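2 protein chains.
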Amino acid sequence: MPASLARLRRAQEVMRERGVDALFVGPSADLRYLLGYHALPLERLTLLVVPAEGDPALVVPELEAPRAVASGAADLIDVRTWTETEDPFRHVADVVRAAGVSNGAILAVQDRLWSAFTLQLQESIPAEGWVAGTTVMRELRIVKTADEIAALRRVGAAIDEVHRQVPGLLRPGRPESEVGRDIAELILREHDEVNFVIVASGPNGASPHHETGDRRLEEGDAVVVDIGGTGDGYCSDNTRNYVIGRAPEGYAELHEVLLTAQRAAVAAVRPGVAAEDVDRAARGIIEDAGYGAAFVHRTGHGIGVEEHEDPYIVAGNDEPLVEGMTFSVEPGIYLDGRYGARIEDIVAVTASGAERLNTVDRELTEVPVA
Amino acid sequence: MPASLARLRRAQEVMRERGVDALFVGPSADLRYLLGYHALPLERLTLLVVPAEGDPALVVPELEAPRAVASGAADLIDVRTWTETEDPFRHVADVVRAAGVSNGAILAVQDRLWSAFTLQLQESIPAEGWVAGTTVMRELRIVKTADEIAALRRVGAAIDEVHRQVPGLLRPGRPESEVGRDIAELILREHDEVNFVIVASGPNGASPHHETGDRRLEEGDAVVVDIGGTGDGYCSDNTRNYVIGRAPEGYAELHEVLLTAQRAAVAAVRPGVAAEDVDRAARGIIEDAGYGAAFVHRTGHGIGVEEHEDPYIVAGNDEPLVEGMTFSVEPGIYLDGRYGARIEDIVAVTASGAERLNTVDRELTEVPVA
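Taken in sequence, the protein lines are chains G and D. FYI, in my numbering the residues of the first sequence are 439 to 808. FYI, in my numbering the residues of the second sequence are 439 to 808.
A hint or two may mislead.
What the hints assert, rightly or not - Label pairs and their calculated CB-CB ranges: (1) D:542 to G:797: 55 to 63 Å; (2) D:577 to G:451: 56 to 64 Å; (3) G:725 to D:562: 29 to 37 Å; (4) D:528 to G:631: 33 to 41 Å; (5) D:491 to G:690: 48 to 56 Å.
Please keep in mind that the hints were generated in silico from the structure rather than gathered at the bench. Given the structure is predicted, the values throughout are model-derived calculations rather than measurements. Note that beta-carbon positions come from the ideal geometry of N, C-alpha and C, so glycine has one too.
Let the sequences and hints guide you as you build the complete structure.
Right under this line is the structure:
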């Protein structure tokens with residue numbers, strides 16, 4: 439991702455609109471988004487300090503300075519290094535003071551900053567109130583630019599390509615973990631990083647967040663494969679369902695219900711529709727088919743520089759969709775002790791509807807047994 | 439790691455000694471340590487609530503419940519699930535109230551809990567003060583039991599085994615990233631997880647936290663290889679230095695200085711010695727050799743269920759070492775634009791000195807060029 443002073447300036451604009459006087463950002467997707475610096479989350483403090491007015495600065499441990507400079511951060515803003523025996527929060531306080539932030543300030547902390555740092559900030563910097571960093575960052579990140587959507591389209595095509603190769607890996611007798619490693623390697627060929635690999639076979643498919651385990655694939659298994667990576671700073675995420683040999687009883691019918699539900703949800707997407715109405719579109723069909731209690735999660739999550747971000751496609755979220763939002767549409771049905779299924783595509787909200795950023799065949803794939 | 443009510447009870451004892459009324463623990467090494475539950479860090483709240491008196495409870499999102507139950511957590515303590523449309527902090531407040539925690543309480547938050555959750559806890563739970571979770575957890579984790587040291591010994595032997603295979607991977611023309619992938623695969627054969635892989639060749643070796651890059655290995659390169667994984671819940675971490683063909687000018691001498699410094703630091707380890715004196719032992723030798731300014735980091739970090747934890751072997755830390763502490767001893771010398779070197783072993787403090795948990799040859803390894 440290119441470093442960009444424009445994004446920092448836009449963050450400062452939003453801060454002024456919202457009455458936030460300074461924003462503190464540790465190693466996170468927000469730091470990559472604002473500064474193009476992919477920092478390691480370490481016990482040594484790295485913190486971007488963005489005052490609403492004036493110049494942002496990056497406080498980094500001395501031994502991370504070469505990486506920070508290599509990222510281009512030092513070309514954009516002041517980089518202040520602290521040594522092993524210094525208190526980094528004194529540097530942070532200096533930057534805040536130099537920007538003229540008053541004691542009555544409202545300060546925002548990036549959502550994933552570790553609590554140890556949050557508590558130390560609260561001790562070191564006088565403030566009237568502390569608010570979540572999303573107060574500022576949500577508005578910047580929730581609607582994607584054309585360039586960002588193009589990046590998500592590319593990474594979507596990359597994960598589709600991995601799914602096309604999955605059937606060749608699903609052979610009876612192979613442990614899920616072994617299949618998972620092969621998939622991770624395929625993801626790396628098409629991405630810069632593997633974010634996660636779920637290979638949930640047979641009854642494991644009934645646990646939506648099962649990763650991989652020791653269970654060996656068997657003929658007649660349904661297998662949920664949900665995978666994602668990062669390419670050029672943007673994330674992919676795509677779920678398809680496979681059966682080894684013939685589908686177990688009832689599975690093909692369940693999958694049809696899910697396909698219909700997923701189509702209905704995607705068809706419901708357009709600017710102005712509430713996020714929860716997309717959830718409702720999928721859920722209604724699943725409920726009508728008698729599987730309502732088995733659809734235990736929301737229909738989707740936003741995606742961009744992070745796998746899971748705003749907007750969440752969930753009951754209770756009445757936020758209207760806006761052209762340029764990108765999120766997953768992934769209804770699922772989970773039958774304890776038997777099997778599960780989930781169909782997931784990333785979509786981008788267009789002027790008149792939705793563009794699917796995943797196009798690999800979403801029908802149930804039967805893998806022939808040799 | 440086995441789930442263990444004993445560790446939770448011990449945490450409650452420490453809380454009562456320190457005047458902490460409740461401890462909140464999200465997905466983290468502490469959660470694995472206390473409960474044996476390896477939870478994913480997600481935007482949906484998973485939180486272990488430990489009151490100083492009474493029964494702890496685990497608050498989990500409904501769709502993580504199967505994983506929480508599979509971990510054995512539900513056999514130990516109450517598991518409370520929340521659904522997609524509920525406020526999880528109401529569950530947390532219920533547990534706190536049920537345990538009789540008063541409004542004047544001192545509450546501790548696990549060090550790596552995301553700030554978004556920390557701020558929501560501060561809003562939802564009345565308290566007199568908030569303190570870092572390490573107030574409680576440090577004392578539990580800093581001194582290892584014999585079983586824990588045995589686990590670290592096993593994982594130390596595992597990473598040594600990987601290092602023995604590294605010379606076979608270092609061929610001129612191969613990009614660092616490709617070598618890194620091969621190493622990651624070797625780590626996985628000997629561990630459950632890869633934690634990090636640093637392959638820093640030529641001038642990249644001068645950046646202590648360089649991971650891997652596109653640079654291709656060349657004849658005459660010095661290569662710093664610093665790698666670690668997790669096996670049975672405990673972490674390995676070991677650094678060795680290689681040269682491809684003949685060492686570049688001055689490198690063998692620099693490496694000798696480092697070897698002497700590392701030996702001196704390990705020799706300084708015994709109960710009662712201050713952590714900073716171990717740092718001093720290494721630093722003194724490096725300074726005397728004229729490389730003082732090139733040793734830009736502390737000498738070591740504790741290791742256990744986390745790669746980096748207390749105690750830190752750094753100037754300013756006058757904490758006396760105690761039998762059973764485990765940490766890295768890893769002096770390094772970094773010459774900008776040329777090369778770097780670091781020698782790292784994990785040691786355990788014994789009754790009379792130190793046991794090295796890494797024993798693979800720490801001399802400079804020359805890899806012959808075919």
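To see whether the hints hold, each was checked on the structure:
A beta carbon spacing of about 59 Å between residue 542 (chain D) and residue 797 (chain G) agrees with the range 55 to 63 Å that was offered as a hint. Range check, residue 577 (chain D) to residue 451 (chain G): Cβ separation about 47 Å, and the 56 to 64 Å hint is violated. Distance hint check for residue 725 (chain G) and residue 562 (chain D): the Cβ-Cβ separation is about 32 Å, which falls inside the suggested range of 29 to 37 Å. The given range of 33 to 41 Å is respected by residue 528 (chain D) and residue 631 (chain G), whose C-beta atoms sit roughly 36 Å from each other.
For residue 491 (chain D) paired with residue 690 (chain G), a C-beta distance near 54 Å keeps the hint of 48 to 56 Å intact.
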